[in-house]
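Undergrad: What follows is the residue order along each chain.
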Amino acid sequence: MEKIIMAKTGNESMAEAMRQINPDVVAAYPITPATEVVQIFSSFVADGLVDTELVLAESEHSALSACVGAAAAGGRVMTSTASQGLALMHEVLFIAAGLRLPIVICEVNRSLSGPINIHCDHSDTMASRDSGWIQIYSENSQEAYDNTIQAMKIAEKAFLPAIVSVDAFIISHSMERLEVLPDNEVQKFIGEHKKPYDLLDVDNPITLGGLDLQDFFFEHKRGEIEAMKEAKPIIIEVGKEYGEKFGTTYGFFEEYMMEDADFAIIALGSTAGTTKVVVDSLRKKGMKVGLFKIRVFRPFPFEEIKKALEHIKVIAVLDRVDGMSSFGSPVFHEIRSCLYESETKPVITNYIYGLGGRDIFPKEIEGVYKELEEIAEKGKVKNLINYLGVRE
Amino acid sequence: MKEIFEIRWHGRGGQGAKTAALLFGDAALSTGKYIQAFPEYGPERMGAPVQSFDRLSDKPITIHSGITNPDIVVVLDPTLMKTIDVTDGLPDDGYLLINTHKSPEEIRKEFNIKGKKIATCDAYKISEETIGKKIPNTPMLGALIKVTGILDLNQMLKDTEKKMKKKFTGRPEIVKGNLESIKMAYEEVKQE
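Chains A and B, in that order, give the protein sequences.
Positions 1 to 392 (our numbering) are the ones given, in order, by the first sequence.
Positions 1 to 192 (our numbering) are the ones given, in order, by the second sequence.
Here chain A stands alone, though its shape is the one from the complex (with noise of 0.2 Å):
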């Protein structure tokens, strides 16, 4: 098969996957920085390059419920937002996903008002993860592409929504070396979007929304949390579908140098591969280091992660975002608390980063993972919780 090289920033790479998903319906309301998305995807509906009915919004809560009503009338229904955007959606996520509707967001990672900035951090994602949506991280424009692909067959295999995110900037405006695959290709890959359910079958009445009191509640939300379970063998079937497919096969996790490494940094976003330079250079000095990123976060895999990081001596979770007097960031609290039920007991430390957009260079990356040599030296932490690159 034959791959289009192509120059995309994040946002164009999304787009395209758009583009080429050909969704039935997208609904939505412009905000930087993922304006850019829904702007190039509308150009591809002036075309007629696809079927889809595009759903201008007053608001970014009204663009979600309108993908709302079009899923639960048996479309395929995507949208882009980023940021207060995402929060303006906040309400309508966890209907979305108690509702089981296969809605798949394209996001930019960008921080959370106020005071007012548009540039990366992952505070609007993490406050939006227990939303019961399923959640994906990409590293660069070729991953924004490869996962929005496979995040519209996970969310309708899975009947649950998914959020596919870019970092702000970073990889959302930056061009990049892209592989696009045939639109054809594209299309068998995420196949037929099979309804559960049809609204008008009126021989077999269904209810969607309806009031659910103290009665019923509990076990529909019972089942909602086993569906997020049910998830996980789908998202690597068709990860692995996708590698066999076109080349490179996807999984929770992607694990560099991790195999005999000593100490590891643990990112999420394009973060990871700025820490794979540093892996490269520190491995020729003959340090132990490796990076373990992050890919799904929702559902959180943490058999698998205890799994693979039980053999570590000392991690670093590099989260851009804070707890905000949580005891350190949410992807901290969870590697910390899977890895409470190994022998090993790693020592696990949080490294606070990049908040609104603040860069972070491979020197500062260097010195974590030199502090966690020392940690190993004296046997002892001197802190927990760190805030990298920030004036104190």
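Simulated from the structure, these hints should not be mistaken for lab results.
None of the hints are false.
No more than 27 Å apart at the CA atoms, straight line, and that leaves these computed lysine-lysine pairs for DSS-like:
{"no.": "1", "chain 1": "A", "residue 1": "Lys232", "chain 2": "A", "residue 2": "Lys188"}
{"no.": "2", "chain 1": "A", "residue 1": "Lys363", "chain 2": "B", "residue 2": "Lys2"}
{"no.": "3", "chain 1": "B", "residue 1": "Lys2", "chain 2": "A", "residue 2": "Lys285"}
{"no.": "4", "chain 1": "B", "residue 1": "Lys162", "chain 2": "A", "residue 2": "Lys3"}
{"no.": "5", "chain 1": "A", "residue 1": "Lys3", "chain 2": "B", "residue 2": "Lys163"}
{"no.": "6", "chain 1": "B", "residue 1": "Lys33", "chain 2": "A", "residue 2": "Lys363"}
{"no.": "7", "chain 1": "B", "residue 1": "Lys59", "chain 2": "A", "residue 2": "Lys240"}
{"no.": "8", "chain 1": "B", "residue 1": "Lys33", "chain 2": "A", "residue 2": "Lys245"}
{"no.": "9", "chain 1": "A", "residue 1": "Lys3", "chain 2": "B", "residue 2": "Lys165"}
Could you slot chain B onto chain A? The hints should help.
TA: Structure of chain B alone, referenced to chain A:
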């Protein structure tokens, strides 16, 4: 070529610093290189100093930090030289390529620049002659590939033509002028 070759573009809002970085990155991609091209995002307004960047490599590029020590700095507007230090982070063996009618020697003396390799190109004159407007970004692409030897001139011309034809459908004179400007700058750029 270094494992990763990095370029920093200085311009003023509206001069096409972003477009130049994207065009150059795209042309490099079509020669089989791995690339990144990105502008610096801040308050964008006409005339304000802006920067954009390129990374080029024969291998996949995974670093996503900003560029602080570029191999070459390209200055699209000569008046920027007086207000900002365009040599910031540029190593001693790095290149400084400036849009100006002055010679590299004059620039070196005027701004008291030690080390670095200086090249100059009168992109305003070239763009006025070829495009009919003061648009320095495309001619500077020609100067850049001459100075660095990093891309093939014909490849650059072919790629720019393809891209511009799409953008300026039905206005072949704009495409022709731009291609002419790249060629002219390639020939006229002055190096020490």
